[in-house]
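Enquirer: Each chain is listed here by its residues.
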Amino acid sequence: MKHWKKIATPTIAIIIFLAFWEFIVWVNQWPNYKMASPSDLLPAYTKYWNLFLIYGWQTLWRTVVGLLVAVIFGTLLGMVMGFSRTMRDALYPLLVGFNAIPKATVVPVLALILIGQHNLNTVLIAFMISFFPISVAVSIGLSTLEPEYRDILRSLGASKWTIFWKIALPKTLPEFFGALKVAVTLAFIGTNLMEIVEPHGRGLGHLFDSGKINADYPLMFAVLIALAFLGIFLYYIVVGLEKIFAGWAERPQG
Amino acid sequence: MRAKGEDMANLIDIKGVTHAYKTENGPLPVLDNLNISVPEGDFCAVVGPSGCGKSTLTKLVAGLMKPDEGEVWLHGEKVTSPRSTVGMAFQNPVMLEWRTILQNVLLPLEIVPNKMTKAQKEERGRELLALVGLEGFEDKRPSELSGGMRQRASLCRAIVHKPDVLIMDEPFGALDAFTREDLWQTMHALRAEEPFTGVLITHDLRESVYLADEVIVLSGRPATTQHVENVKLGGRTDLEVIYTPEATDILHRLRHQIEIAQGRAPDEEAA
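Heads up: the protein sequence lines correspond to chains Y and V, in order.
In case it helps, the working numbering puts the first sequence at residues 1 to 254.
In case it helps, the working numbering puts the second sequence at residues 1 to 271.
It should be emphasised that the hints constitute simulated quantities derived from the structure, not laboratory data.
Backbone N, C-alpha and C define an ideal beta-carbon position, used for all residues, glycine too.
Hints may be right or wrong, so weigh each one.
Pairwise CB distance ranges, derived in the manner of DEER restraints [said to hold, decoys possible]: (1) V/K115 with Y/T144: 36 to 42 Å; (2) Y/I7 with V/E110: 35 to 41 Å; (3) V/A174 with Y/L53: 56 to 62 Å.
Just chain Y, same shape as in the assembly (with noise of 0.2 Å):
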């Protein structure tokens, strides 16, 4: 009961959603290339269903990869910046002026700089835009650990990795999850950045694209649900890894 119940509430919730989009374009009688409603997205589907798989799976795969890069560098970076207050106090005016530049305008120069490797630019700026939370989150988690954690294990004379494997690793893990869910769907936006400003014919940045040129409003609509299902999807699976990890930090509810 209570797990038909998990399932249920959300998809419940997607139905309303999508009913209460098809009635806003009904009421305002809006034609297709203006605001395409939910049921014109099934015929874009059945039609162009191939290069959805073959397209989704070139922004999946590329999404995830930077992902993966962003989860260990942004953990590396988090640790220096967790552990000593000097790389602390350096790293953080460069680590947010970084993170305030539109990477839309970082495209064009990784695109120049990197000619011809669409799969390397593409996974770059995923994980540009996806490092900074996992970061952050890593060096608080770090460097708000109590000091009685430390004490109980360095009165023993435990090394400084057995306290980080130990204790601060596991103590950071909840925060890490939290941050690397914000950062999935981050790197879906960096993925599709890429692949929408500089078209190199690969991954549903492109079939938008070419939904644009052709002024196929309802194909680009149907872009956008995809990437919204691909975000979903990942975020889901971040869920369940939590669920594993961190499933301690998780307090019963009431």
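Position chain V against the provided structure of chain Y, taking the given hints into account.
Expert: Positioned in the frame of chain Y, the structure of chain V alone reads:
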């Protein structure tokens, strides 16, 4: 209790320890020529005005800090770094929330070298938990326990590796009065079963009299040994002993010493 000991039977010897923290406004002296000796098996309580450097003392004994001057000796060896023959319990009974209570208690055995098998370790942990009244809570998460129960578990963790010295920094300070009394009795139960030399930092005089063999009163900051009180209550461990005339006398003397340390009463002994 000897004020200054060259005696090797002392498990803990703090000799002329002076320490200051570096702050932006220059050095802040916290300990000034402190001398404390605790014979093996004794339980020593350290009381003093708040902020007088009691917590610094625990860190020095645990080897987490080095004193500016003076020496700390444990078992006839000079302390220069942390050693696994020390167990620690803090006011904040930090538990690793992702582990069960039993796994938390067994944490020191993962770090201190030992020859125990997994089964032996678990048995040791379960025995200790039963001793402090936490039987049946072995597989619970720390978040499911009350503050008093967490402190009981943290005491088990502090002694699971059979340390020579148990250092407690206001372990019962955050508990309500009745839970605190329960834990005092638990302390006596642990002492009966586990041989360790105890150092208890506290600001509760009744607690110090009930639990300790000697009570050391520190002066206000920078702290030095102001008064040493031998507590002889005939080995009684029931709570009623606190209300006997002997205990009341000791409490009065300690109270007076604290007032001197706070600078609120004239120091008659100095006159």
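Enquirer: Kindly indicate which numbered hints from before are broken by the structure, ordering the numbers from low to high.
Expert: Going through the list in order, the structure violates no hint and respects every one.
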